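> Going down the list, the sequences are from chains A and B. Residues 3 to 317 (this note's numbering) make up the first sequence, in order. Residues 3 to 317 (this note's numbering) make up the second sequence, in order.
Honestly, the hints are just simulated from the structure, not real lab data. Warning: the hint list may mix true and false statements.
Same chains, same names: a pair is fine if it fits in one copy or spans any two.
Claimed, not checked - Cut-off 27 Å, straight-line C-alpha distance, at most; resulting in silico cross-link-like pairs (DSSO-like, lysine-lysine): (1) K253 <-> K54; (2) K54 <-> K101; (3) K297 <-> K48; (4) K54 <-> K256; (5) K133 <-> K293; (6) K191 <-> K175; (7) K267 <-> K48; (8) K170 <-> K97.
These figures come from a predicted structure and were not determined experimentally.
2 protein chains.
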Amino acid sequence: MLDLILLGSGGGMPMPNRHLSSLLLSYQGRKILIDCGEGTQVAMRKMNTGFKSIDIICITHFHGDHIFGLPGLLSTIGNSDRTEPIIIIGPHGLKAVLKGILITTYLPYDIYIIENSETSLGFILDSKLLKLNEFQGNGKNDMIIDTIELEHSSPCVGYSFYFSRAPKFLIEKASLNNVPQDIWKRLQKGENVFYNGELYEPNMVLGEERRGIKLSYITDSRPVDAIPEFIKGSDLFVCEGTYGSDEDLDKAMKNFHMTFSEASKLASKGEVKELLLTHFSTSIENPEEYKEDAKKIFENTIIGYDGLEKTIRYQ
Amino acid sequence: MLDLILLGSGGGMPMPNRHLSSLLLSYQGRKILIDCGEGTQVAMRKMNTGFKSIDIICITHFHGDHIFGLPGLLSTIGNSDRTEPIIIIGPHGLKAVLKGILITTYLPYDIYIIENSETSLGFILDSKLLKLNEFQGNGKNDMIIDTIELEHSSPCVGYSFYFSRAPKFLIEKASLNNVPQDIWKRLQKGENVFYNGELYEPNMVLGEERRGIKLSYITDSRPVDAIPEFIKGSDLFVCEGTYGSDEDLDKAMKNFHMTFSEASKLASKGEVKELLLTHFSTSIENPEEYKEDAKKIFENTIIGYDGLEKTIRYQ
């Protein structure tokens, strides 16, 4: 099960009635934040999310509306008594940018920076923290993050998050394989167990792999060709829709953004379950006005708003 | 005449119901901003102040609640089509801090940095901009900024602003000195005029110097001995009152802040006309509760709140 809150739905500049686009994922009590514009910490306070349990922050790109809230948020997390490291993921240049914008900031915890990752990143829930899996490629991952290069006026990456689902425990299979009941729990957790001179493996008690939850996040970008494959089958596809009307296509092309209908075409091609639009231009007062432009192309479209909450369950 | 808006009245962290301490002065249509925490630009939008006419930004110190809004505000000013330079004044280290926090920020105007100024800074209204007077110490200044070193957990300066008042134009004196009416306006502006073979000087038509408006701004600091002399006779003394109750004196001392009564003692010693308290701890929900603690010592005390507006007129 994955919970999420759209902390803000705006693009460009923070406004009194709309926070900047940022998404907070909550998985088994641990949090992943995507982007952090000026005021993201204020949105988190409004929505009572707490600060201490953020283990990972993903940055799409270095425009102010996606990063200027980072020094303040990281300071506030420091005030929440966190001492465990935080992982920050972002495009090429992340180290230099963080060094710059954090010049005045003392933090009582370490930051582990992953810049321009070209491989899938596996994470495990270890001692209640979401940690990078040391055994990348092998072993079981609780979560996998992938990135895609986007097309914006600054180097920019999109993200996909895959949350694994544990296979079912099958009592019949355990009995059939004569597995002693004492070690069922450990096998269910994925451990190999040597017990009374015999080796027992998890597949002696577990069923087939089960599909997890996939969420993808694309902002800011033009609709590049590789996106449909990258977001393929997502339970939720969060995508920028900076401009509502097709009449603003010229602006969208000039500023390397998308219109609602461009985003919904991607959702359709990517065969996702649901599309959530965000990152609305400050010129759009009520994005709901353009809802039909998106729904004509992709029916399961939600127009984002600050504070939108959602739970995605395993199928 | 000087107009001001208290954009925020909080300290430490930006809160949903209280912006961080920041003051916006408006003098003859030009603006001076003091401090810029995360969300200051949002407060400015709420209060419809506009962005383009900010000529000077004064920074007290480099703690996040006083500077993390700067990259965003400067970007937004850039979006307002400003091309004239902005002057930023602050303590030692300002250049390095700005270089760091603005690492990702492109601005379509120049920034002129004044770091750790040890002398009075004179400004003139030139072509409708508040500009540094090239003739420091000489010539007429429309505004003078002075700084004082404070006692905080980071290098910190306080500010005083003196807005000059033009002397009165005296028709009787002009007639007595046989000054031709054609050149009255130019003399009134402070020019020396050579006319029909004679030199005329402003003092041939003007009365005595008149007292201008003095505003002083102290945050964050312990109440150091030099403050009363620095703020002497201010029309308005804006001062931090991080803690309301005297019972929090220990905290105030430990964190290098002041209680309400410490601030009001300074106001009394400095013989100011009015005290405006700001920079309230996030632990104080309603600072009005502690109003009497301050008023017992200094009657003319105002408890600040976001959006407080005030006009100070020449006496």
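> Now tell me if each hint is right for this structure.
Hint check results:
In the homo-oligomer, the alpha carbons of K253 and K54 lie at most 27 Å apart only across protomers (24 Å), although the nearest pairing inside one protomer, at 40 Å, exceeds that limit. Taking identical chains as interchangeable, the C-alpha atoms of K54 and K101 lie at most 27 Å apart only when both belong to the same chain, with a minimum of 22 Å there against 30 Å between chains. In this assembly of identical chains, the alpha carbons of K297 and K48 never lie at most 27 Å apart, being 30 Å within a copy and 33 Å across copies at closest. In this homomeric assembly, K54 and K256 come within 27 Å of each other (Cα to Cα) only across copies, at 25 Å, whereas the closest approach inside a single copy is 40 Å.
Taking the shortest Cα distances, K133 and K293 never come within 27 Å of each other, neither inside one copy (39 Å) nor across copies (49 Å). Taking CA atoms no more than 27 Å apart as the test, K191 paired with K175 passes inside one copy only; the shortest distance there is 16 Å, against 98 Å between copies. Taking CA atoms no more than 27 Å apart as the test, K267 paired with K48 passes in neither setting, with 33 Å inside one copy and 36 Å between copies. Taking CA atoms no more than 27 Å apart as the test, K170 paired with K97 passes in neither setting, with 42 Å inside one copy and 60 Å between copies.
Comparing the model with each earlier hint shows violations of hints 3, 5, 7, 8; every other hint is respected.
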